[in-house]
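Visitor: Build the complex from these two chains, which are given one at a time in their own frames, with help from the hints.
Each chain, written out:
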Amino acid sequence: MASRADINAALGAEIQHQPVPRAGPVPKVAAPSKAARRPAPHRFKKPAVRGLRPAARWTYDESPALENGLSFRRWKKQTANSDSKPVDRFGRYNVKLDVPEYNDEIYAKHLTNPEWTKEETDSLFALYRECNGKWPVIIDHYSGSTERTMEDLKSRFYSISATILSINTPITSMTATDYGMYEMLNNFNAKQEASRKKLAEGHLYRRQNEVDEETVLLSELQRIMMNQATLDNEREELRRRLDHPIASNSYQYGTSQALTTFWQQLLAADRMKKNQRLRPTGNPTFDGMAGVASTSASRSSHAGLQDAARRNARESLPSAAAPQSGLSNELSKADLLRFGVVQSHEKLPSGVTFASDKLTKPRIAKSTVQTDKIAAILTHIGVPDLIALPTPPVVEQFESIMSKVHALIDLRKVAEKEEQELRVRSAEAAS
Amino acid sequence: MASTIPPTQAPGKEDYAGDEINALILDPGSHSTRAGFAGEDTPKSVVPTHYGFTSSSERLFGENAMHQPRSDVEVRNPFNTDGLVEDWDTASKLWEYTITSRLTGARQTAPSKNGLNDAADENGDVTMEGMEQTEEQEKPLAEYPLLVTEPGWNTPKHREKMMEIAMEEWGVPAFFLAKNGQLAAYASGKASALVIDIGHYNTSVTAMWEGMVLRKSLFHTPLAGNFLNDQIRMMFAAQQPTVPLIPHYMVKSKTPVDAGAPSNATYVKFDKPPHDSFRKLEEDRVLTSFKESVVQTWPGPGRLDAPANPQGPPGFTNMDHVKSLPPKPFEMPDGWNNVFGAERFKVAESFFDARAAYTDDSHPAPTGQQTITSIVQQSLQACDVDTRSALLHNVILTGAGSLVEKLPERLQYDLQTAYPNPKVRVIANPNSVERKYGAWLGGSVLGSLGTFHQMWISKEEYKEYGSEIVEKRCK
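Quick mapping for you: the protein sequence lines, in order, are chains S and W.
Note that UniProt numbering gives residue 412 to position 412 of the first sequence, counting from 1, and the numbers run on in steps of one.
Note that UniProt numbering gives residue 167 to position 167 of the second sequence, counting from 1, and the numbers run on in steps of one.
The following block holds chain W by itself, in its conformation from the complex (with noise of 0.2 Å):
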């Protein structure tokens, strides 16, 4: 064996991807499902985690099966709120479909066994014999090892259940399962990070230091993209009119209207109506177009509704600053537009402000503990004084949930407010591809390490072992 080299010395060039081995990262959110070859920069492979259920129990998988408005489909999510796999059954065949769908392709029958090359008994029958040695070939992923993505709090039940699907399913030769905090700052090339991970259900805070994540550091909080489209939908029902949600399946034609006016658009009739999920699926859709092309987080200093500078005169707040900023006009599939003045920056103020979070019935308003301030601050408690500030310099902003405008920049100076001696550096990718797949994008970088390959489990590790090597070997 060769001496080891001091661990403060980078590997050399030659064990860079030195074997490509074809590994598969595999990182399913809890909104869409990323899958792709290590060693590349993008995932090929994203298929929305919503699925369609059809009444005669048949699962659509995929962009263009779901989005038929069919009476008969309901739309269903496999995991819970809380992030983590509740219908382990469909997320282990989304997961195989996405694979399979874009990257491996459905894999041949062998020639041994397709039966065309068996010779036919005198009916015409071909022995059944010697299929269960070919079986274990047969597994849809038996060619490539497998690196799955899992949230910091994930129960060692559903770390088990994973492997195991993943051995017995799928029949992967080598396995890994890795925190996507983690992976997120692998990404961006640091191992001592605070990375802030904001999803469709959670926001999460996962400290690093030195490549090892501090598993008490780990916060997660509802305020993420789909808190924000409650927000928008709430904010849209607060406006005097309200702001009529109507999704693009249910337009047939619409001609121009003024500002303001009532839509003049004609209306697709249905017998039976998709189903309501179906409904909020696709509002979802335009909501996601207004995320991405109105809302505003006001960048600071200050909150929204302080004061916009003590020198100023009294009572004049961000809010009135904002009010005088030009609005930014947007217009609903039916062709009802209008211009969202001060409101396309409320609606984001929630994420750092519990109090100026639209609240109804159903939603009530986050607690103060539930902002993203606050759950940087209490992960930051949780580590080590030393640690403090090289974490603070190093705060990676990455899910497509912080793609929201100005969210960098408003972060930055909550915290520099909060912790006003370090200094505090907001790494956010301005590439809005490496900030949606950033975890992914991590995996794909440590699946491709020379250095990585001795941490595989394999095949063989696992019939010994059984699934609780997953908890010994994947930290």
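Bound conformation, chain S alone (with noise of 0.2 Å):
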């Protein structure tokens, strides 16, 4: 059922001055009488030709803004009240500049210079509100009897504005932005500017392969850069990790150390139990030695497959440094020789060695003077007393020298021996 406002609509105007029921059901029989007077549908229809419509006029509003003594217009058709209150729909797109204004008295007294006239900077700052501060244009339209760059127009506005704000605000009474803005037309240098635009030009004329090569060298920083980001994010992480909320004492297992004692009591206090909880890790350093004690003693009562797993896996497992050995299996060779690791064969002793012992401790004798007599030695064949890196090709070569630096020793010990006895001989034989 159509509303009355759909009704309207299609019927046109007319039909509202046709008494329409309020309410009820549309009456039907009334529709065909009024479809017939239905006028034809209106349809936006265009003057056959634009001339023959009735002549517009064109009046104007005057526009309170004025400008070299020219008042702009605003067109509109001129209706019959066209005396209607001008409006200044437009009037917010009259945007002016803030130009910096003197007067003569100013201009005497404080904005002279010798390269300028008064004429020539009347010109400048009447082309400057022309232009609406568009450098590029301004020195485009720029017809002086001089010959002036765009940095001489420049130097002499922003002079000139610096001057004028100094002068309307002092400058101890000056605001933050006011004397940012002083600043910055004071700081104006037009010899840095020149020579910025040479460099410029320069660029427009750079050839391809230049073009190519900082294309090239901005996609590698970009590279790095991105790199950089995941590195300082992983950095940050790792640091987070390592700067853990310090423990309190209510926690006393803060510490890796107290971490494993408190792990061997637990595994000591489970063996006892009988069934078992916790299987040790298989690592003698972490289990203690009583664990291994345990293992073998749990081996030989459960023989069991699981037991044999885990004994081959703690077999294949290197025994002295055991939890940082893993690594360098997993190295290649040319890895290891790239990152310095050795596997080295010999027995450590238990604890922290360092690899640089290997350069100082033989220096070392028991007594003083031979001790004394090898660095005499070293000095003289020129080792230093500090080697910087002990690689493992250093420390061999260094063990090889003290070696020879021993066998030397010995060899004189024995010549003096030799000697003393010699004389003793020859004394003898002279009594």
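No lab work stands behind these hints: they were computed from the structure.
Any given hint might turn out to be false.
Stated by the list, open to error - Beta-carbon label-pair distances, calculated as ranges:
#	chain 1	residue 1	chain 2	residue 2	range
1	W	E460	S	E214	57 to 65 Å
2	W	H363	S	K191	44 to 52 Å
3	W	E210	S	E220	34 to 42 Å
4	W	T417	S	N103	31 to 39 Å
5	W	E210	S	T112	26 to 34 Å
6	S	E210	W	H363	39 to 47 Å
7	W	E409	S	R241	58 to 66 Å
To be verified - Part of the chain S face toward chain W, derived, beta carbon under 7 Å:
#	residue
8	V99
9	K134
10	P136
11	D140
12	K197
13	L204
14	Q208
15	T360
16	A365
All C-beta atoms, glycine included, are put in the ideal place defined by N, C-alpha and C.
Guide: Below, the structure written as structure tokens:
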């Protein structure tokens, strides 16, 4: 069922004059008679020839904005009530520039410049206003008696602006923004600007290969910066993890040592029980000597598949520096060389040893006399006291030198003995 | 007064075409004159600028009147080869014809004046009083503000004359004069751009910075549509055997012939043949279709006579490559037909390479300074360094002469070679109508802007300040 609005829309405006029942079903009997009087559908029709329309007269609003003595006008169609109040709908598009102003007195007092006449300065300011401060346009339109570059114009304009700014508001009472502006105007460096322009001009004519090279370098930099970001993230993450909350007294297992002790205690306690819930890690460093004993004991009692597998796993691990040694197995030969990882087969003393010890310890003998002797020989053959990097070849070389040094010392000792003997004998023979 | 908005903020929607005032836009060119209402997308009235001058000093305007072969008609052009108006009398008549024939219609005589309503005296004469008062309204364009385009190098005298014609002869209520380079940039929606307008007699370069024309950057060169016509003519003459150029009006009937064979047509016999200038005009029409269907610019890289690629065999130039491309056929109005291979590239090459031009006694070779690439470089040299890369990124190619195939590609390539570092972008509207009428379209956009209204020079201002006001207002 159509609503009243629909019918109105369908039948046009004339239907409104007909009495239409307010409620109830729409009287279908009434519709045909009205449809007969329905007007032709209204269509927008352009006049065939525009000139035949009633002539439009144009009138204008006097705009309040006045410039150069010319008033701007706003055109509109003249209507019967054309003397309506002028509306300045477009007034806000009369964008004006804030240009510093000066008068003759100020000019004579502060703004004189041997290179500029007053007329030239005036024309520069007028041009600035006219071109809305667009410097490329100003330099294009500027036509003075002397050739001037854009830097000349800019430095003149900026220095005047700065002076006027400081006259209007003394520097002491300037706001931060004003002072920033003043600073900026005063700091204009025409020479620097000119040399920058020169560079920019050269930049236009760079050859293709230079452009390509720059593109490559830029993409490289981009890649580095991308990696830098991920690297920083990872570092941050690591730092965050290392920088764990400091253990308070209530939590006594803050350090790894304490944790290991705790583990060993638990393990020992667990072994007392019938149903063991904990399994040793298989690492004697963590499990302690008791653990090794216990596993060997348990191996004898529970000889199961599981135990066998565990044993295999344990035996496959290198014995001494078990926690770290897994690393070197995964490295290829080239990587071993690259990172300087050496798998030594000699027995290492327990605890931490430094490779550099191998370079310092042999120098020290039991007696100070001996130590001095060794030092004298080493200085004589030119081995420095401090060797920077104890790489395996260096250590090897040093050891071979040391063995020779020791041999030398022994030989000297023998020689001395023999000499002594000889002297004694010759003294005996003489007497 | 409402507070002003910052210049970076776009005007509100209601301010576009805010108050329609039916402004007329007139874009007078040396080849065709375009006119239409502001806010429309194509000029409704396009009339050739050439006109027929009969022996009885009558002027014939419009396509229909002009192309009749009459012995007593001489074809003339009110413009000189520099693209400026020389014959003001004819030019104003032609422009008035362009506007009134299609757009406004002849004005009806006012009922108070048409004599039908006047009481006749006893002799049947009507009094002629009161004519002077209504004369103001009788002027042809009294209803429409008028925006006229001008070439960038128009002289102040020409501008003032233009304003006087509009105000005094046509009685327009408001007037404005805008440079066509500027308008072409507006049509592309750019405020900063380097506009290259290839017209009939002249190719012009205009640099625009934030909506304002940089005057020192204005350069123009005669290497344009008419120059290309001459090149084609000389190419036809240089062919072996020479290519006959017979315009349509001379051919009565034709029969098909083989390619390269002499034509087999019957020609119209004239007791007194039409004027030479008429024949030239009609030949130009044939050349126009030749340009549209056959001529192509070598798209680069390199010039046409440059080696095709550095790694390739020595001595193999782009020209040799072009020769291997399939040639294009063309049939003259009299049935003569042939294919054009390398020649169709060679005629347009002189736009970019002065040495490639065909020359004869009356047509000396253009200088290297006159090529399109060269005037673009000169124009950029006159602009500030900081603006150059922005301008190169917005090179707008417009004008009917730029419709030669692959011309934008070649221009892009040549400019990029001249300036390797900045990104060069040549914007050429793919729609040929918009390329042809670029300046008119920009005028249409400008004239329909609500914000433009306050720029019009009104009749009152003209009366107050005289025609010098055009220099002050239309920059």
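Visitor: Any hints from earlier that this structure breaks? Give me their numbers in increasing order, please.
Guide: Those not satisfied are hints 4, 8, 15 and 16.
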